[in-house]
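Chain residues, written in single-letter form:
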Amino acid sequence: MARLEVRDVTFSYDGVTTVLKDIDLTLGDGELVCLLGVSGGGKTTLFNIISGLNKPQSGRVLLGGEDITGQTGKVSYMLQKDMLLPYRTVEDNVALPMIIRGMKKKEARKLAGEHFKSFGIDGTQKKYPAELSGGMRQRAALLRTYLFSAEVALLDEPFSALDTLTKSEMHRWYLDVMENLKLSTIFITHDIDEAILLSDRIYLLGGKPATLTDEIIIREPKPRRRDFNLTEDFLNYKREIISKIQV
Amino acid sequence: MSARLRSTTAKIGLSAAALLLLLAAWQLVCVLCGIPKYMLPAPTDVAAAFAKDWRLMLDHAGVTLAETFIGLFFGIIVGFLIAVVMDRFEVIRRIVYPVVVVSQTIPTVAIAPLLVIWLGYEMLPKIILIVLVVFFPITISLLQGFASVDADTVRLMRSMGASRVQIFRYVKLPNSLGHFFSSLKISVSYAVVSAVVSEWIGGTRGLGCYMTRVRKSFSSDKMFAVIILISVISLILIWLITVLQRVCMPWEKINNDRSKST
Numbered sequence: 002m003a004r005l006e007v008r009d010v011t012f013s014y015d016g017v018t019t020v021l022k023d024i025d026l027t028l029g030d031g032e033l034v035c036l037l038g039v040s041g042g043g044k045t046t047l048f049n050i051i052s053g054l055n056k057p058q059s060g061r062v063l064l065g066g067e068d069i070t071g072q073t074g075k076v077s078y079m080l081q082k083d084m085l086l087p088y089r090t091v092e093d094n095v096a097l098p099m100i101i102r103g104m105k106k107k108e109a110r111k112l113a114g115e116h117f118k119s120f121g122i123d124g125t126q127k128k129y130p131a132e133l134s135g136g137m138r139q140r141a142a143l144l145r146t147y148l149f150s151a152e153v154a155l156l157d158e159p160f161s162a163l164d165t166l167t168k169s170e171m172h173r174w175y176l177d178v179m180e181n182l183k184l185s186t187i188f189i190t191h192d193i194d195e196a197i198l199l200s201d202r203i204y205l206l207g208g209k210p211a212t213l214t215d216e217i218i219i220r221e222p223k224p225r226r227r228d229f230n231l232t233e234d235f236l237n238y239k240r241e242i243i244s245k246i247q248v
Numbered sequence: 006m007s008a009r010l011r012s013t014t015a016k017i018g019l020s021a022a023a024l025l026l027l028l029a030a031w032q033l034v035c036v037l038c039g040i041p042k043y044m045l046p047a048p049t050d051v052a053a054a055f056a057k058d059w060r061l062m063l064d065h066a067g068v069t070l071a072e073t074f075i076g077l078f079f080g081i082i083v084g085f086l087i088a089v090v091m092d093r094f095e096v097i098r099r100i101v102y103p104v105v106v107v108s109q110t111i112p113t114v115a116i117a118p119l120l121v122i123w124l125g126y127e128m129l130p131k132i133i134l135i136v137l138v139v140f141f142p143i144t145i146s147l148l149q150g151f152a153s154v155d156a157d158t159v160r161l162m163r164s165m166g167a168s169r170v171q172i173f174r175y176v177k178l179p180n181s182l183g184h185f186f187s188s189l190k191i192s193v194s195y196a197v198v199s200a201v202v203s204e205w206i207g208g209t210r211g212l213g214c215y216m217t218r219v220r221k222s223f224s225s226d227k228m229f230a231v232i233i234l235i236s237v238i239s240l241i242l243i244w245l246i247t248v249l250q251r252v253c254m255p256w257e258k259i260n261n262d263r264s265k266s267t
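Line order of the protein sequences matches chains A and B. For the first sequence, my numbering assigns the number 2 to the initial residue and increments by one for each residue that follows. For the second sequence, my numbering assigns the number 6 to the initial residue and increments by one for each residue that follows.
Treat the hints with caution; some may be incorrect.
So the derived list for chain B, only partly shown, Cβ under 8 Å to chain A, looks like this [unchecked claim]:
id: 1; residue: Ala156
id: 2; residue: Leu161
id: 3; residue: Gly166
id: 4; residue: Ala167
id: 5; residue: Arg169
id: 6; residue: Val170
id: 7; residue: Gln171
id: 8; residue: Phe173
Bear in mind the hints are in silico, worked out from the structure with no lab data behind them. Please read these numbers as outputs of a predicted model, since none were measured by experiment. All residues carry an ideal CB built from backbone N, CA and C; glycine is no exception.
Generate coordinates for the entire structure from the input sequences, incorporating the hints supplied.
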């Protein structure tokens with residue numbers, strides 16, 4: 002069954018220029034789906050709608066069958082910058098979504114503390130974000146995202162600010178975490194390699210107003226081969242995407 | 006000794022040397038030119054005046070400090086409330102902001118006598134004057150702090166379902182702490198000066214009254230002594246706020262150290 006569904010969503014900021022048109026998208030349980038498209042093509046706007054920050058003119062967003070159109074606090078959202086608050090310790094940053102939901106600080110800290118190890122940031126609880134490396138901060142931000150909602154995570158270019166080596170390490174790590182925690186994820190990228198490497202399915206977003214122009218299924222089984230990105234299969238997917246993508 | 010500590014000591018030593026040189030020059034001019042004490046007392050005269058009168062001065066200083074603290078306390082509260090309301094309601098900001106700015110263009114020496122006429126010679130008019138002077142830097146700095154919040158952070162908080170109050174508490178308020186402490190350093194020195202000015206205009210106790218009395222008796226040595234005392238009090242208060250800031254914002258040091266090293 003689909004964890005998340007977006008049905009016939011059309012959106013415009015000012016009521017004149019349509020930004021998104023007739024968007025239909027599904028996300029299955031434990032699936033990782035990617036939105037691929039050029040910058041400024043409406044990907045982030047679609048995330049704003051799914052997360053409830055913006056309300057579409059028409060269409061609906063369903064989470065497990067329940068209508069959550071225009072409701073915040075239902076699916077978790079992570080932006081490109083880690084957005085850790087510099088004046089809170091890592092554990093207090095991570096516990097924030099639960100505190101916002103009304104949980105006591107002590108309880109929230111305890112609950113958050115249980116996950117530090119599996120997210121590979123054990124020992125950073127009492128540190129401030131500035132003391133952590135870029136990769137570690139991104140992990141902390143992902144843990145916060147997970148504690149915000151364990152159902153669906155929206156990741157807006159989560160790895161694009163990292164250097165190449167840290168990035169490929171984070172890719173492997175994220176696939177692991179997703180597997181263990183049974184996460185369902187939609188993520189935005191403009192990096193074709195990253196999209197093929199991580200996704201089960203890729204939606205191509207293009208045009209003005211933006212529509213979903215194509216859907217590509219990556220049939221490579223998970224966990225993926227270490228040298229998947231060097232194989233002929235990988236290159237074929239890449240060729241297909243490049244030929245279909247609209248700039 | 007670490008390199009950092011050494012450079013700090015060197016800086017302090019240099020400042021102290023400059024100050025001593027200035028005092029020596031002052032003393033020399035007074036002695037050599039035979040300037041009368043009531044016109045310009047030599048540093049030694051000032052020191053002697055302080056040694057003789059320090060008990061009385063500290064007694065008056067206690068009153069001035071009490072006014073300063075009470076005024077500062079209410080000034081911070083008023084400044085904070087105005088900033089919060091102005092930040093929350095755009096309309097109120099547009100209406101109140103010009104009034105607040107205009108209120109600051111009226112010289113304190115003009116308001117002080119009026120306050121004495123309205124409220125008498127006791128502490129109240131003094132405290133009101135301090136509040137009037139102190140709230141302004143606090144309001145302006147907090148408003149700036151609230152406005153400088155990162156828009157994406159607010160977006161993230163909203164996506165988590167945070168209410169306006171929660172966004173204020175977890176993002177806007179801590180984000181403005183640095184601004185707040187900077188303005189507090191300005192406010193505290195304003196507060197001391199305002200307390201003195203208001204005592205000057207009307208009152209029976211406090212460093213301002215003491216100043217008026219010694220001025221009328223042409224005791225310039227005591228006048229200088231009390232001016233130095235006021236400066237020292239202000240400096241100590243500013244230093245206390247710096248310490249308080251370090252305690253309240255432990256992350257600042259870490260962030261600063263990191264940005265320096267990278």
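Against the structure, test the hints numbered earlier, and report the numbers of the ones violated in rising order. Those not satisfied are hints 1, 5, 6 and 8.
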